[in-house]
Amino acid sequence: MKNKNKTIDTVWSCILAVASVLYMYPIVMILFNSFKQERAITTNAAFKLPTAETFAGLENYVNAVASKGFLQSLGYSFLITVSSVLAILLFCSMCSWYITRVQGFISNGLYMLFAFSMVVPFQMVMFTLSQTADQLKLNKPWNIWIIYLGFGAGLATFMFAGFMKSIPLEVEEASMIDGCNPLQTYFLIVMPMLKPTMVSVGILEAMWVWNDYLLPTLVLDIKKFKTIPMLIQYFRGSYGRVEMGPMMACIMLTIIPIVIIYLLGQKHIIKGVAAGAVKG
Amino acid sequence: MASISFKNVKKTYDNGVQVVKGFDLEVADKEFIVLVGASGCGKSTTLRMIAGLEDITEGELWIGDRLVNNVPPKERDIAMVFQSYALYPHMTVYDNMAFALKLAGESKEVIDEKVKEAAEILGLTDYLDRKPKALSGGQRQRVALGRAMVRKPAVFLLDEPLSNLDAKLRTEMRSQLAHLHKKLGTTFVYVTHDQTEAMTLGTRIVVMNAGVIQQVDTPRNLYTKPVNKFVAGFIGSPTMNFSDAVVVEKEGGVWLDFAGYSVKLNEEKAAVLKEKGYIGKEVIFGIRPEDVYEYSDYPEKEKAENASLTAEVDMYELLGSDVILYFYVGENKFTAIVNPATEARTGDTVKFAFDVNNMHIFDKETEYIICH
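So the sequences go chain by chain: G and D.
Residues in the first sequence are numbered consecutively from 1, following my numbering.
Residues in the second sequence are numbered consecutively from 1, following my numbering.
No lab work stands behind these hints: they were computed from the structure.
Please read these numbers as outputs of a predicted model, since none were measured by experiment.
Don't take every hint at face value.
As the list claims (entries may be wrong) - Pairs of lysine-lysine, DSS-like flavour, derived with a Cα cap of 27 Å:
(1) G:LYS267 - G:LYS140
(2) G:LYS165 - D:LYS131
(3) G:LYS165 - D:LYS74
(4) D:LYS131 - G:LYS195
(5) D:LYS133 - G:LYS267
What the hints assert, rightly or not - Between beta-carbon pairs, the in silico distance windows are:
(6) G:MET112 - D:GLY40: 30 to 38 Å
(7) G:LYS267 - D:HIS179: 43 to 51 Å
(8) G:LEU264 - D:HIS179: 47 to 55 Å
Even glycine gets a Cβ: it sits at the ideal position worked out from N, Cα and C.
Same shape as in the complex, but just chain G (with noise of 0.2 Å):
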């Protein structure tokens, strides 16, 4: 029996160390390229690895950050990003309170209108959502947030309302005994307590909104505001010119925060998926 399951482990450990090649096969690829001259990358050498010849430094960092507005970009990234993913946790954590709380005909009917939001494809509202977008003048990087958060919300009001079930009523009764009124409560006691959920699904709703195209490119403005995904797409020059080097380079620098802020938060992405799966 012993056995039977180290040979299951060790296959099991084989089928993920390829998969996990795999997935990271591009992200290398691009690493490596990111450092190599233009010319290198354009040929057959594009999936060597650098050699003294092709080694290009940092000059195609350099190049990214110095051209094409990459630090405004960045900012507007950072811009969309924080708010989109603040509105998300503030609103949909107290929208879960409610329906958790408050049971009843608007709360159940709300919840499951939240749960079906996740089953809508975004291809299938695109072109209506810009149209409403530019009528309600929110094509600019500060206030498309409240786009992100209807899209956002499914999702994060289906997680925190999971977890919420089993923060235990009484403890909400005790504050409201010590002297709450409702938002003190919901600040000062179901907020701290959410804390799990909140990373876990600030990072899963940051991971999106970073790396989001379509949406921005849809409702921005495209002359006047670019996401860095929106960026990357603009060194392509033209006559089918690309210029690789500041590509890879401006992927690279893309990557690299949503990856620390994964690696710092990963933990509670576990803890916050899996609370309020049984009662605690």
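Model the placement of chain D on the given structure of chain G, informed by the hints.
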């Protein structure tokens, strides 16, 4: 400090279920009142109505001289200890205890003084920096008590606060609670389904069944003078023995005939049954296990002769200081707490004697007491 007054208080849930059906009670200032009853009898709902966590459907609830039906929990000057402790898991013991005071806008010095004083009383001084998850069940319970204490409320509400503790800790905490009540001199309302807690802690006990008060009395009176069969059966462990019987007048006295046996009643009980016209009628009699003796141990043998029966021992239980013998009287299982030196064992035929002075006789239909 405050009294509590219930005036025909009713609670009906949205689905139409009425859990409290006309609750009338006067709780005196500084009293330790215990609400006791089986699960679902409405005792916790009643407590939650005092706390303001449940709306009152009908009737009036007064705390002191204030009608509090529509007063929010934080303005009722109450503190509550929950069954699950309900501590704030993200706060330290100190912060848990200081939370209400901070909300009330007390100064840091006052908060510090009050929290440390309560921690000293409850033996929590060394744990003030810990989070609740790093505490044992008993320590958490004391934090919950401390959190209530620091506020110096007019009324202390406790909802089965000891039910999550093990037997030893429960006994310890029980005596701590009794000391605390004496020390604080505050009105305590305590909910439990554990009659030992009720009997040992309560100044008075309210026995509830299906949302209705059955009896409000001192622990001793509840035990010795139950007003109906429910109270008689609920209070006491092992429970009171009951059997249907017919009241007959024969051989110059009044007897109870039941399951092929006859027991002669004493003169007081005989007079009451005669006066109330129960001769020839069916009644229910009850007798506590400690009032059923082995015949050989009964102190007044000449009286026991007319109040004895012989039965086969169905089960023998040694509890250390006592022995419980189980036997059948007709279809009713009876228990007798007897001398631990008894030689009776399972399967033996034993002669038992009833102490008729401590028999309780109930009306068969209403189940209310006829005589003690």
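Comparing the hints with the structure gives:
1. Of the pairs offered as hints, the one joining LYS267 of chain G and LYS140 of chain G is violated, with about 34 Å between alpha carbons and a cut-off of 27 Å exceeded.
2. Under the criterion of a C-alpha separation no larger than 27 Å, the hint pairing LYS165 of chain G with LYS131 of chain D is consistent with the structure, at around 22 Å.
3. Between LYS165 of chain G and LYS74 of chain D, the direct Cα distance comes to roughly 24 Å. Compliance with the 27 Å bound is thereby established for this hinted pair.
4. Taken as a hint, the LYS131 of chain D and LYS195 of chain G pair is honoured in the structure, with Cα atoms around 16 Å apart against an allowance of 27 Å.
5. Between LYS133 of chain D and LYS267 of chain G, the direct Cα distance comes to roughly 19 Å. Compliance with the 27 Å bound is thereby established for this hinted pair.
6. Checked against the hint of 30 to 38 Å, the C-beta distance between MET112 of chain G and GLY40 of chain D comes to roughly 32 Å, which is consistent with it.
7. As the Cβ distance of LYS267 of chain G to HIS179 of chain D is approximately 45 Å, the hint placing it in 43 to 51 Å holds.
8. For LEU264 of chain G paired with HIS179 of chain D, a C-beta distance near 49 Å keeps the hint of 47 to 55 Å intact.
Taken one by one, the earlier hints fail for this structure only at number 1.
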